[in-house]
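In case it helps, the numbering used here puts the sequence shown at residues 1 to 301.
Since the hints were made in silico from the structure, they are not lab data. A couple of the hints might just be wrong.
[Said to hold, decoys possible] Here are the simulated distance ranges between beta carbons: (1) V40 x A203: 31 to 39 Å; (2) P147 x A244: 33 to 41 Å; (3) D31 x E299: 42 to 50 Å; (4) T75 x T247: 35 to 43 Å; (5) G182 x A203: 40 to 48 Å; (6) R254 x P209: 21 to 29 Å; (7) S134 x P27: 28 to 36 Å; (8) E33 x D150: 34 to 42 Å; (9) H30 x L255: 21 to 29 Å.
Just so we're clear, the structure is a prediction, and the values are computed from it rather than from any experiment. We treat Cβ as the ideally placed atom computed from N, Cα and C, and that holds for glycine.
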Amino acid sequence: MVTPAPGRHGDPEQTRVQHRYHRELFPALHDWERTEASIVEFTGESGPKGLLGLDQMGHFGPQGCDLVTGLVRDTFPHGSLTVGELGSGFGGALRYLADALTTGGGGVARMYGIDLVPEHCAVSRRITAAQGRSDVTEICADASDVPLPDGALDVIVVTGSMPHFPRPGAVLREAARLLRPGGLLVVTEEVSLAPPDRGPSAAFHEVHPPDVFFVTPLPDRLRQLREAGFTGVLRRDLREWAVALLTDRLKVVRLFHGSVVGIYGAEPVDLIRRTLTTARDEYLAGRLLPSLITARRAEAA
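The whole structure should be built from the sequences, with the hints applied where relevant.
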């Protein structure tokens with residue numbers, strides 16, 4: 001097991017802005033014990049599986065994690081992996097992946113969740129401890145300056161957090177440093193990629209503030225990956241899949257509105273609905289490019 005050094009923090013303004021936005025969107029997660037009880041009452045099942053991904057209400061949610069799990073398993077079907085998630089937030093995807101990679105596969109030796117916001121890390125640690133996990137470690141640090149040694153990780157995942165990095169090129173360079181030679185990077189680009197010379201609409205920015213969500217043109221992202229030293233870069237276009245997924249997620253919010261409001265509160269649920277709706281509109285209009293990106297750290301010469 002790698003012992004992380006003390007965390008290193010980046011731009012204090014970004015820390016403040018990201019905390020404020022996510023606090024308004026997910027206030028219930030800061031009161032985890034009450035929220036967990038509400039989720040269990042809704043789902044009828046206790047334990048991590050009973051949460052049904054309701055502790056990770058990003059654009060792609062657990063379905064996006066399933067895409068990541070499949071790629072990791074295909075690449076490393078055997079062996080116990082050391083995995084890091086950059087921008088792990090409240091840790092919903094982190095814990096989901098720890099379970100998914102263990103079920104029917106080689107499993108994980110250690111999962112590291114790296115997030116900039118101390119309050120996010122504190123909430124994630126509380127949930128991790130409440131679930132009795134020993135394979136998950138949260139590190140509060142800037143994703144471009146992670147206190148782990150070179151080559152410490154077999155896999156790095158970014159499950160929807162790319163738009164929250166104001167310097168994505170620096171984050172990708174750090175990912176390359178953290179991966180061992182031949183290590184795997186998997187990124188779900190939910191609302192972080194745009195076509196050249198196009199960008200999202202004003203309606204999108206109303207619920208995805210531009211000081212919280214940073215959008216990168218696709219050619220720039222591919223260049224950032226090359227400059228970071230990644231090879232074998234592949235991009236899968238998720239437009240059709242993502243439109244169907246967000247349509248289904250919106251249907252769930254509508255059909256179970258009362259229960260979801262009971263978990264999150266009325267205002268956050270309205271914001272979640274508008275967030276998913278505007279993202280789907282951008283996909284349909286071609287102003288955002290939902291994608292699944294994989295790349296490998298170059299093998300040692």
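With 40 to 48 Å as the target window, see if G182 and A203 comply at their CB atoms.
Because 43 Å falls inside the window, the suggested range holds.
With respect to the beta-carbon atoms only, verify the hint that V40 and A203 lie 31 to 39 Å apart.
holds, 36 Å
Can the suggested window of 35 to 43 Å be confirmed for the beta-carbon pair T75 and T247?
Because 30 Å falls outside the window, the suggested range is violated.
Look at the Cβ atoms of D31 and E299 and judge whether their distance stays inside 42 to 50 Å.
holds, 47 Å
Assessment of proposed distance window 21 to 29 Å (beta carbons of R254, P209)
Holds, since R254 and P209 (Cβ atoms, about 25 Å apart) stay within the stated range.
Is 33 to 41 Å right for how far apart the beta carbons of P147 and A244 are?
holds, 40 Å
I want to verify a distance hint. Is the separation of the beta carbons of S134 and P27 within 28 to 36 Å?
holds, 29 Å
Does the Cβ distance between E33 and D150 fall inside 34 to 42 Å?
Cβ of E33 to Cβ of D150: about 39 Å, so the range 34 to 42 Å holds.
May I ask you to test the hint 21 to 29 Å on the CB atoms belonging to H30 and L255?
Since the Cβ atoms of H30 and L255 sit about 27 Å apart, the hinted range of 21 to 29 Å holds.
In this structure, the one hint that does not hold is number 4.
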